[in-house]
Amino acid sequence: MSRRSTTSLTRRLDLVAFLGALCLFLSTIEYLIPKPIPFLRVGIANLPILLSLDLLPVPSLVLLVVLKVLGQGLIGGTLFSYVFLFSAAGSFASAFAMLLVRRLLGRRISLVGVGVLGALFSNTAQIVLARLLIFGEGAWLIAPPFLALGTVTAALLGVFAERFAARSRWLASVKET
Amino acid sequence: MKLRPLDYIALFLALLVVGGFSLFAYAGRDRGGDVVIEASGSQWIYPLDVNRRELVKGPLGDTVVVIQGGAASVEDSPCRDKLCVHMPAISKPGQWIACLPNRVFVRVRGNGVQKIDDVSY
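Same order as they appear, the protein sequences are chains A and B. Sequence positions in the first sequence follow my numbering and run 1 to 177. Sequence positions in the second sequence follow my numbering and run 1001 to 1121.
Bear in mind the hints are in silico, worked out from the structure with no lab data behind them. Computed from a prediction, not measured in an experiment: that's the story for all the values here. Careful, some of the hints might be misleading.
[As the list claims (entries may be wrong)] Listed next, the stretches of chain A that the computed footprint assigns to chain B, with coverage defined by at least 3 CB atoms under 8 angstroms from CB atoms of chain B:
no.	stretch
1	112–126
2	139–152
3	157–164
[Claimed, not checked] Quick partial rundown of chain B residues pointing at chain A, CB under 8 angstroms, derived from the structure:
no.	residue
4	L1003
5	R1004
6	A1010
7	L1011
8	V1017
9	F1024
10	A1025
11	C1079
12	D1081
13	L1083
14	V1085
15	H1086
16	M1087
17	A1089
Note that CB positions come from ideal geometry on N, CA and C, so glycine has one too.
Take these sequences, add in the hints, and give me the full structure.
Next up, the structure:
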């Protein structure tokens, strides 16, 4: 391996570690936000994932999602419970959807659309799991408000991500390297 | 920041899925099931959303079961205490009214979805 590619690999791993840490931090912030409705989540821990879609190659992105899921499990104390399964399924489903959409459509779709589709996949995956594992047919009753709220928060987060991506000097400097 | 056309398509898609799930989850399910009447070894099943009035034969005479506005109640019964007559109308799966002296048992049977009474977090 040449010297140059080693440094770029190190740099990429540094970036994944940093973004993973950011996911962890944002997960704690997510817990601080009061929730009037139990299954309402803002999903701010998805912000690093959203930003890294244009930044990281697929293997690094998968690593980042693993870090995010582990971090959320640690902070929520749900690492060894069935809740972890939901978190993992949702995160991977949404990351897969967002990556696919971004790679296929590129700049023709903004992070708002990408995030909304990601939330849609995440929430649908979790509802299907809930249907299979816990609630039975009753799971369908929770689905509409769950999906609707997810769409709204994802769109807001997408607006923030898009603005951040347009203005952040840090992001621009990372992109160059 | 400007939304691009594909963003609107994504939002529209999300709305479509929400709408689809709403229809699937709520349409037609709230009418909630059947009324099952059991008396003298027989069983009758009536839909909860069709108004009707049934005379059910028991050892003491006829018990009058009324289904109206999605709920079932006992209007009259030839028993002593009239407990069944005083019971409120039933509409949710699992609820029941019984007239023990006349051996009439009325219950609501669920239509697939068993509604959750309450959830706490």
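So, going through the hints one by one against the coordinates:
1. Under a criterion of three residues with beta carbons nearer than 8 angstroms to beta carbons of chain B, the stated coverage of the stretch 112–126 of chain A is upheld, 8 such residues being counted.
2. Note: the stretch 139–152 of chain A has 7 residues with beta-carbon separation from chain B under 8 angstroms; the three-residue rule is met and the coverage holds.
3. With a threshold of 8 angstroms between beta carbons, the proposed coverage of the stretch 157–164 of chain A by chain B holds, since 3 of its residues qualify and at least three are required.
4. Given the 8 angstroms rule on beta carbons, the hint for L1003(B) holds: about 6 angstroms separates it from the nearest Cβ of chain A.
5. For R1004(B), the suggested interface contact is upheld, since its CB lies about 5 angstroms from the closest CB of chain A, less than 8 angstroms.
6. For the restraint placing A1010(B) at the interface with chain A, the shortest Cβ-Cβ distance is roughly 3 angstroms, inside the 8 angstroms limit, so the hint holds.
7. Using the Cβ-Cβ criterion of 8 angstroms, the hint placing L1011(B) at the interface with chain A is satisfied: the shortest such distance is roughly 6 angstroms.
8. With a cut of 8 angstroms, the hint placing V1017(B) at the interface with chain A holds, because the nearest CB-to-CB distance is about 6 angstroms.
9. The closest approach between the C-beta of F1024(B) and any C-beta of chain A is roughly 6 angstroms, which is under the 8 angstroms cut-off, so the hint is satisfied.
10. For A1025(B), the suggested interface contact is upheld, since its CB lies about 4 angstroms from the closest CB of chain A, less than 8 angstroms.
11. Hint on C1079(B) is violated. Least Cβ distance to chain A is approximately 37 angstroms, over the 8 angstroms limit.
12. Interface hint status for D1081(B): violated, as the beta-carbon distance to the closest one in chain A is roughly 37 angstroms, over 8 angstroms.
13. The interface hint given for L1083(B) is violated, since its Cβ lies 32 angstroms from the closest Cβ of chain A, which is over the 8 angstroms cut-off.
14. The beta carbon of V1085(B) comes no nearer than 33 angstroms to any beta carbon in chain A, farther than 8 angstroms, and the hint placing it at the interface is violated.
15. Interface restraint check: H1086(B) against chain A, minimum CB-CB distance 32 angstroms, threshold 8 angstroms, status violated.
16. Among the interface hints, the one on M1087(B) is violated; its C-beta lies about 27 angstroms from the nearest C-beta in chain A, farther than the 8 angstroms criterion.
17. Interface hint status for A1089(B): violated, as the beta-carbon distance to the closest one in chain A is roughly 23 angstroms, over 8 angstroms.
Consistency with the previously given hints fails for numbers 11, 12, 13, 14, 15, 16, 17, ordered from lowest to highest.
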